[in-house]
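Student: Each chain, letter by letter, is given below.
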Amino acid sequence: MPVSRQDLHDLLEERSRPALERPVPWGRLRTRTRAARRRRLVAVAVAGAAAASVVVAGMLVAPWSPAQVAQLREAGPPITAVSPHLLPASFEEPDGTVYHRIATATLDAPKKSEVTFEVKVSGKPLAIMASCPSRAPSAVPHVTVEKPVERWAALTPVPSLSAACTSNRPVDVIPLPAGTRQATFSITMPKSWEQPKAWRFGVYEWTPPSTMKTPAPPVAPPKAFGGPSGDEYRLVATRSVTWPATREVTLTVPATGRAPVLMVYCGDGIARRLSEEIFVNGRLEKELRGDCAAPPTTHSQGYTVLGRKNLPGPGGTATIKVRVSSPIPEYERRPGTLTVAVYDSPR
Amino acid sequence: MADRSEYDAFVAAAWHRLLRTAYLLTRDWAVAEDLVQTALMKAWLAWGRIRDEHEAYVRKIIVNVHVSWWRRRWRQVELTTGAPPDHPEIADRMGQADERELVWQALGRLPARQRAVIVLRFFEDMTEAQVAATLGCSVGTVKSQTSKALAKLRIDESVTTAYAREG
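As given, the protein sequences belong to chains C and R, one line each in that order.
300 is the number that the working numbering gives to position 300 of the first sequence; each next residue is one higher, with no gaps.
460 is the number that the working numbering gives to position 113 of the second sequence; each next residue is one higher, with no gaps.
Calculated directly from the structure, the hints in this document are not laboratory data.
There could be a bad hint or two in this list.
As the list claims (entries may be wrong) - Not the full set, but computed from the structure, chain C residues with beta-carbon under 10 Å of chain R:
1) 7
2) 10
3) 15
4) 20
5) 21
6) 26
7) 32
8) 33
9) 36
10) 140
11) 142
12) 159
13) 161
14) 166
15) 301
To be verified - Per label pair, the in silico range of CB-to-CB distance:
16) C:212 with R:480: 52 to 58 Å
17) C:234 with R:480: 38 to 44 Å
18) C:229 with R:495: 28 to 34 Å
19) C:83 with R:400: 29 to 35 Å
Don't be surprised by glycine CBs; every beta carbon is placed ideally from N, CA and C.
Input sequences plus hints: build the corresponding full structure.
Tutor: Structure follows, in structure tokens:
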């Protein structure tokens, strides 16, 4: 019996669905885009053109509109059973951190492309949660916050609300200057090929538990992954530590002349919420700065292919250090684990 | 001046959809990620010149880079002979699962361009005109490539669905 077109569509949809579990490899992507930009700059210089500034990344300049949504402060006991994407008045994460909603806003797309609103804050850490139209919407609104003199991309560790949709967890706001009691948020819908839908947002203040829980044991990294047979990258060394007692992991592996592959992830409440820096033989890989990913699953293994420039030839050793941090001091009271695994690559 | 924050927001929003398309074309997660990164890198270099259709632009790069890679590197590996085996007479749930697996395997045997046509038409839900624009060919070529691919996959073209819009 021949299969139908609907069957074909369903098959393609099903087989590609694990993509939703694979995070954006920000570090690798930035490495490649900057390397390409450097190559282009060199080419431009050789050609005698003095227009290299064309490819310098720009600052965020978004249209500004007057405040239009009043802040809403609510209080009450934590609610643990309601999913964050429903923007409950309050909820508690598994590590005991309690989130209280202090404001809500609606971006009424496609009628409007921006919403601006004032929020009264107490000085506790802030986070934004979104009621996303889907788990992987075509366009994710961009969030900025007005500080005393300028507007900045508001979110950390990466400037995107995407994690709110893919992880169903609030995304942290970069700490406001000390003493700030009111902040102006602006949320803008980027242009997209798809008809934008209305989004709702909740701004939350969060408080970690007074007594820190013990973190769950770290997820073990896969012994091998990648490639058609699932063993393109093979585990060479791994180590896990507990945050916040330990903030970095150092592994020394034999240099093979091939580019090593690195898998770094954080477990528990700190996953995708800490910044990550990678040092190879003592030198910071500036292009690889990003967020500490969530642990791998059977469908998703985020990884970074390290460049060879800071590595010795065969016979030497490569010392790889990964350090995680947060600009939000309250993460000192949120437990988690950091795991670093180094793989050998045939390339 | 290219706006890095706008680019980052676009990448964050479109990554998963682009990766799905790339995986259906390459059938390997590592290669698919490499393909999407390559396309995004190219898009960044042209960011200031791309107007509204960022995702369509990147998807077009993905498809054409894939076809180019396939021609250069994977032809010997990918090309095997034959269409799916004859279908069992009795359809049950197990048979249906086998059928899907056979179609999936047959999809992997399609030449890159025919596979791209199938993915764009029946996963991305593009019209024939949109597929032609993406691949840089005529609508007639899209029609003929679609017909050949569906025949190899043994897809019943008489079954109409809401998503299969005609271009």
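Student: All hints, please: hold or fail.
Tutor: Verification of the supplied hints:
The beta carbon of residue 7 (chain C) comes within 7 Å of a beta carbon in chain R, closer than 10 Å, and the hint placing it at the interface holds. A least Cβ separation of about 8 Å between residue 10 (chain C) and chain R falls short of the 10 Å threshold, and the interface hint therefore holds. Checking residue 15 (chain C) against chain R by beta carbon gives a least distance of about 6 Å; that is within 10 Å, so the hint holds. Checking residue 20 (chain C) against chain R by beta carbon gives a least distance of about 5 Å; that is within 10 Å, so the hint holds.
Using the Cβ-Cβ criterion of 10 Å, the hint placing residue 21 (chain C) at the interface with chain R is satisfied: the shortest such distance is roughly 9 Å. With its C-beta approaching chain R no nearer than about 8 Å, residue 26 (chain C) sits inside the 10 Å limit, and its interface hint holds. Interface restraint check: residue 32 (chain C) against chain R, minimum CB-CB distance 5 Å, threshold 10 Å, status holds. The closest approach between the C-beta of residue 33 (chain C) and any C-beta of chain R is roughly 5 Å, which is under the 10 Å cut-off, so the hint is satisfied.
At a threshold of 10 Å, the smallest CB-CB gap from residue 36 (chain C) to chain R is about 5 Å, leaving the interface hint in force. Taking 10 Å as the C-beta cut-off, the interface hint given for residue 140 (chain C) holds, the closest approach to chain R being about 4 Å. Annotation: interface hint on residue 142 (chain C) holds; nearest CB of chain R at approximately 5 Å, less than 10 Å. Using the Cβ-Cβ criterion of 10 Å, the hint placing residue 159 (chain C) at the interface with chain R is satisfied: the shortest such distance is roughly 6 Å.
For residue 161 (chain C), the shortest C-beta to C-beta distance to chain R is roughly 8 Å, which falls under 10 Å, so the interface hint holds. Hint status for residue 166 (chain C) relative to chain R: holds, with the closest Cβ pair at about 7 Å, below 10 Å. Below 10 Å, beta-carbon pairs count as interface contacts, and residue 301 (chain C) has one with chain R at about 8 Å; its hint therefore holds. Between residue 212 (chain C) and residue 480 (chain R) the beta carbon distance is about 56 Å. The supplied range of 52 to 58 Å therefore holds.
A hinted range of 38 to 44 Å for the beta carbons of residue 234 (chain C) and residue 480 (chain R) is consistent with their spacing of about 43 Å. Separation of residue 229 (chain C) from residue 495 (chain R) is about 30 Å and conforms to the stated range, judged on CB atoms against 28 to 34 Å. Between residue 83 (chain C) and residue 400 (chain R), the C-beta spacing of about 34 Å keeps the proposed range 29 to 35 Å intact.
Of the numbered hints given earlier, the model fails none.
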